[in-house]
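Place chain V on chain H using the hints.
Residue numbers (the numbering used here), protein chains in the order written: chain H, 1 to 440; chain V, 1 to 261.
In case anyone wonders, no lab produced these hints; they're calculated from the structure.
Treat the hints with caution; some may be incorrect.
Dumping the calculated DSS-like pairs for lysine-lysine here, alpha-carbon to alpha-carbon at most 27 Å [claimed, not checked]:
(1) K185(V) - K141(H)
(2) K185(V) - K327(H)
(3) K48(H) - K240(V)
(4) K240(V) - K327(H)
(5) K327(H) - K18(V)
(6) K59(H) - K346(H)
Where chain H lies over chain V, by a calculated footprint (3+ residues, C-beta under 8 Å) [what the hints assert, rightly or not]:
(7) 36–49
(8) 215–222
A virtual CB, placed ideally from N, CA and C, is assigned to each residue, including glycine.
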Amino acid sequence: MEYLPNILFGVALVIGIGFFTRNVKKLSRNIKLGKEVDVSDNRPQRWKNMLRIALGQTKMVVRPVAGFLHLIVYAGFLIINIEVLEIIVDGILGTHRVFAPLGVVYDVLIGSFEILAILVIVAVVVFWLRRNTIKLQRFIKPEMEGWPKKDGNMILYIEMVLMCLFLTMNAADFQLQQLDAPHYTKAGAFPVSQYIAGLFQDLSISTLILIERSAWWIHILGILAFLNYLYYSKHLHIILAFPNTFYGKLKPQGQFNNLEAVTNEVKLMMDPSADPYAAPEEGATEPEKFGASDVMDLNWVQLMNAYTCTECGRCTSECPANQTGKKLSPRKIMMDTRDRLVEVGKQMDANNGEFTPDGKQLLDDYISREELWACTTCNACVEACPVSIDPLSIILEMRRYLVMEQSAAPTELNNMMSNIENNGAPWPYNQMDRLNWVNE
Amino acid sequence: MSEALTVKTMEEFLAEGKQPEILFWVGSAGSYDDRAKKISRAFVKILNRAKVDFAVLGPEESCTGDVAKRAGNEFLFQMQAMMNIEVLNGYEIKRIVTCDPHSFNTLKNEYPSLGGNYEVFHHTQYIKQLIDAGRLTLKGQVYKEKRITFHDPCYLGRANTIFDAPRAVLQKTNAEIVEMKRHKKTALCCGAGGAQMFKEPEKGDMDINVLRTKDALETNPNIIATGCPYCNTMMTDGIKAHEKEDSVTVLDVAELIANSL
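This is chain H alone, in the form it adopts within the complex (with noise of 0.2 Å):
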């Protein structure tokens, strides 16, 4: 019996790390639906944007005080993170801080910690007022009622939870050793958690053992399960991240990709020696679809740019389009887009890994062409994107399935391309009259 807990342990750590594998295999399979894309080009300047955007947050602080509050969680998360290791060796060996050895450099890590936690617990409680009762524009928008508003919130609560049994944890810890109970090494600073042990001060050594035995299963579990909430949640962007900025836009953000497909046919339709009713050779492949319709004509880092978002609407605020109350929200293409390929994923999962049609598609059934159609390409949201998500790419492959595929165009679109194909020019005007400006 003397190890059933490290074996508990061990089980529940199997089982939360089995599982978020298992959905990391999956999200990984998803992305991979899309299609190739050569990122392969100048990878230092990759790895600088990085280092710069997502480790260095230095797109988060143009919003200084989300960026500020963003910047504690941040580090909150990263460096208590150091504190869950500890946890994990000590569930195992059945230790008790096991790293307090470390003397001195123990002191200062456990207090960094406290002190972050209660950042955190403050910067979590602010994040939550500015959602439910500042109400700040962003995060009222129509795309963002039901699951979406529940899931900023749950990631809050769970922050918050995590944090307060952290300290209590500390403030018993800090409390038996004050009491010299056996097995608890005085060890660590608590600059904060002191002030919770107070409450403390009447309990017997059995009771805080069993609160602080509590707050360090709870604690544990909860990170564990946290951990597989991402999966079903806007909040893998604490991993995604960091792909996602390597793997970003490097060009000027006005360039739009040239569609090799299209580049051949043209080639050949210009080509004086080519035959134009030859038929297609033996075996030719068909001619690849035009653009996008559906998330699997999208590429894999369209489809990552998706599981990336964290639904921060930063993008939608700076939208011309939404601000002027046109339907278009480029946070919502992002959402649709993951959202379709969840779909998509779980009718794989329930059909042996096979996705067969069912009859749905990103185009319509989730994004409408009203939104499509409201887009000036201004590149607002990808500026204002803290994580180098390109919504505007989406756009722009869904409207040339629908110019290209479907010559679904606005009337008025369709008359300015017939006026470039005749004469040149968006407008209807003789191209040989193009010089008369100078006389006039």
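Chain V only, in chain H's frame:
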């Protein structure tokens, strides 16, 4: 136009067996739109004054295809691009200047992978070069007492991170330059990009150009300067929507400089 303009086509240069210093890509708006034509003329006035040996393509120029591409018609875009590249490469063009940030972006960024490699300048960059090289001197009297605010065109600013050239050039007018709250990277679009210029906006509670003009009017300007023919139209319409057309004018950077010569 009081001053006669000297404009030569590439065909004429070829006939003389000469190469121009630079090609002026006029663009469809600059060729046909009544308001934008004035910008083309103002820019040529500057080029003439600086004695730049430039050429235009004239009837051999065709739409860059930018607007088709952004509407989703990649076919039409690449058709246009390849035709233009054939003409440009045929004349062995190396350097291009244009008053339209959309043409600028497309020629500079999207033509190279289709075989068109040129050094491309926005006219504000080119004017700055002319001034810096001492080829252009400004009297800088006309706008001395005026307040000017510059609206960053998306395809010049955010899309290609050119923020300083237009501002540096505007400084030379000796006017007071004031910034809107949202400027440079966070500048709001005028509402014309992405083929919106050619269609009615989707249903909403306001037009984008009216919102952007509001930003500009908050700086109490005499003049809203811009560097894009489409922004120019949108901002001019916005001024009318705010009923400020009597006190505020929208002018291109080229016009402000041409008037300051």
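Structure-based check of each hint:
1. K185(V) - K141(H): Status holds; Cα separation ~24 Å.
2. K185(V) - K327(H): holds (24 Å)
3. K48(H) - K240(V): violated (46 Å)
4. K240(V) - K327(H): holds (26 Å)
5. K327(H) - K18(V): Answer violated: K327(H) to K18(V) is near 54 Å, above 27 Å.
6. K59(H) - K346(H): violated (34 Å)
7. 36–49: holds (count 4)
8. 215–222: Result for this restraint: violated, n = 0.
Of the hints listed earlier, those the structure fails to meet are numbers 3, 5, 6 and 8, in rising order.
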